[in-house]
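A.B. asks: Based on the hints, put chain E in the right spot on chain F.
Protein chains: 2
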Amino acid sequence: MRKAGVTKNLARLPVVILMDQDPPRQDTQRSLDDAHILIEHQMVDVGAIQQRAHRRNKHDVVGSNQFPHLAFSFIPDPEDLVVDSNPCRATGLILTFELIPVAMCEVGRKSTPLSNIFYGYIRGSGRLGKSGETCLAVIVPFESPSDASIDRLVALVAADMERVNATILSRTGSEVTMIPEVANHLISSGGKRLRPMLTLAMAHLAGYSGDGHIKLAASVEFMHTATLLHDDVVDESEMRRGKLSARMLWGNEASVLVGDFLLGQAFRMMVEVGSLRALDILSAAAATIAEGEVMQLAAAKNTATTEDEYLAVIRGKTAELFAAACEVGPVIANRPKEEQTACRSVGMNLGIAFQLVDDVLDYGGKSAKLGKNVGDDFREGKITLPVVLAFRRGNDVEREFWRGALERGEISDGDLDHAVGLMTKYRALEDTINRAQHYGAMAVDALALFPASPMKNALEQVVAFCLARTH
Amino acid sequence: MRKAGVTKNLARLPVVILMDQDPPRQDTQRSLDDAHILIEHQMVDVGAIQQRAHRRNKHDVVGSNQFPHLAFSFIPDPEDLVVDSNPCRATGLILTFELIPVAMCEVGRKSTPLSNIFYGYIRGSGRLGKSGETCLAVIVPFESPSDASIDRLVALVAADMERVNATILSRTGSEVTMIPEVANHLISSGGKRLRPMLTLAMAHLAGYSGDGHIKLAASVEFMHTATLLHDDVVDESEMRRGKLSARMLWGNEASVLVGDFLLGQAFRMMVEVGSLRALDILSAAAATIAEGEVMQLAAAKNTATTEDEYLAVIRGKTAELFAAACEVGPVIANRPKEEQTACRSVGMNLGIAFQLVDDVLDYGGKSAKLGKNVGDDFREGKITLPVVLAFRRGNDVEREFWRGALERGEISDGDLDHAVGLMTKYRALEDTINRAQHYGAMAVDALALFPASPMKNALEQVVAFCLARTH
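Going line by line, the protein sequences match chains F and E. Residue numbering for the first sequence follows our numbering, beginning at 1 and increasing consecutively. Residue numbering for the second sequence follows our numbering, beginning at 472 and increasing consecutively.
So here's chain F without its partners, still in its complex pose:
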């Protein structure tokens, strides 16, 4: 059996790797249920894997239950393909690879460490090439928590974050009880608080010894929360972080106004810190964020949007706050301009990478895991990079499909699947992740200015996490 789409993809995508951060369970299907899928054809180059694995520190190699578990799908020869009729329907992205055979398999762990590369047996429940039941595979934890995680950053800023959280709690307080209700609904809904952590991290990295970073970090989180509250109104979102959005519970009015309140409180805290330069950076960010959002609004439903235009949008609406959050660290530490610029660059590029991965997740994540509905962007007619690429690379019929769906909102059942199919056909999701990796690399390089330190290492891991994150 052979399908056209498979051979078409083969040149660049000979292997699909299903990666699961959860340990394997008795039910292999369940393991796949939570699978996050990385589509990186580079990963199948064994040399690259070895190289990367060699770079890892020995002490990072821990029990396999802490490794991501990989379900490999080998395509040794197009002639030998066995296509599973319903390959892992539970995961969004996999649907886009419906022509690629996916083996439902359990990872056996008769592994022996060999220069940090783990070999293991895969007992396939599907069929893997000619040999059938079992085959040897390489399991490399290159996306293990130690390499792509915010855990180390979380640990390093834990003490400060406790103070930030206390500040957040006290500053959402108001006699008007609706304010803490609405604010805390969102603030306590399990966001990673990545942005305030970046402020704390950069202040540490810059050797800051004062107190100002606490309030600035809280300000950054308030600005972010205000943006989310307003975004929900703008996008008419029903869900946010897996819960009903504030506007669904308290109405658009409350979302708008509590957002305004938080913005006001953010500025109050910044003023209390007393750094005019930090105020300048964060107030400029507030204007730029809104500008980016309006830009997106103006570009909305316009399939003619170019990649450059789209980048300008996300620089504004997402990356600017990351940049400002990072920049104020060295600023309040009175570090030289070059360190301020470096930190700003880390934030800006990390922010762009973060948003691009978000864009991909919107077409491939799972509602339960992401806390938002897959295909939201599609249904809202939002132009994101995967759309920009798929539209540009498509033929006339396909472009007409995009126009109909995104510009005129003509969406019927199966159209989301079709959209994801087109993105797969033109490698729009894949290349969006490639772009994200480019910006991730820039973020890491921007850190090079700083000497090696646990914090620097933790920040590098955060970049990797943002690229690999499943939520």
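A portion of the hints provided could be inaccurate.
As the list claims (entries may be wrong) - Output of the computed footprint for chain F on chain E, the stretches with three or more beta carbons under 8 Å from beta carbons of chain F:
id, segment
1, 623-635
2, 869-883
Stated by the list, open to error - Here are the simulated DSS-like cross-link-like pairs (lysine-lysine), alpha carbons at most 30 Å apart as the crow flies:
id, chain 1, residue 1, chain 2, residue 2
3, E, LYS927, E, LYS808
4, E, LYS772, F, LYS243
5, E, LYS714, F, LYS301
Treat the hints as calculated values from the structure; they're not laboratory data. Quick reminder that beta carbons are idealized off the backbone N, C-alpha and C, glycines included.
C.D. replies: Relative to chain F, chain E alone:
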């Protein structure tokens, strides 16, 4: 012919004065079309009128075409009442006094100045008491531009306002064309720019000689505009200043986001001025304004709201920005704390008075003149002071009417008229204006700290203007 309502009102309201800021036209009805009605029983005390008129400067007496034109309705004796069946139906408030006869009359100007009191003939087209066709009346321009106007303030800050306007124009600029479009739709729609003028005025009053007041004034206007944009979304308003609201033209999204942009730009300008104290005041105001709005949201549709609770709402949502706008003047001039407090007090009390008059106008103004629909507050279930008073003073049946209309939104034709009727019955509008005058008096007294000056005088006139304003 005699009607109960008239005699009931006679003790406090023997005369209704229709005041028209436009010169008389051939069509007397047309003159009444634009009439604004002042219900102030004090005004009919001829002694008080004379006294007030005596205080006026001779050079303020100008051509009668610059005077408000008064259409008097005399009620010399209840027994002699002639009730016009349809007295001035074109004006909103008059409907509340439907039992009081109104003469459709043209003001003849065979007048001779006599200690600043103008006597003139009124040729009535209606019937005025026993004497019939014509009778002598007193025409006193006590609400002339010179006594209750922002004209003098406008003149004094004209040069600065030109710079403020240029700043506003340049700071709404963005490559994202939708931003200046939306922002200027509102900013250029004929607002009085009272708040930024107050900042300029207070800076002058405090002897400030720098440049900072320009950007602070522009910031204040931006904060105000952002609030209006967000308010329209919150209130689902269709009209603003006589034009379609921005959200009707560009959508809720644009209103929310351009509001956010303006807020960000406001803070940028404040930061550029570099006064941490001014930043503190204005950022605290931003949070307090939003808090006041949320408070109003929480109190919305709650007829049990007390006058104190309502005052807390309008202190936040309206008066705080007036207060902050005034306070930053002496602050950037580095004037003593007592001057800062005095200016803040001027703004706070003026703001409260301003809002209370607004509340009355919402039940009595005219769409064409006000730029918003009469009865908006009523239809939106908004609890304002006239409602609070009418509800408290009403009987059970009447309270049930208020609950039905405002809490449950059960509004049918004629209900607005009935609401206004109840407000009239219990003097809710009249007493709201009395309350406004109380706060206006406090604002004037707060100015007493400053020595006599044209600016101080102009500010006193602004207070009078806010109490007497028709738009």
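A.B. asks: Which constraints among the numbered hints does this structure fail? Numbers only, ascending.
C.D. replies: Per hint list: 1 and 2 violated.
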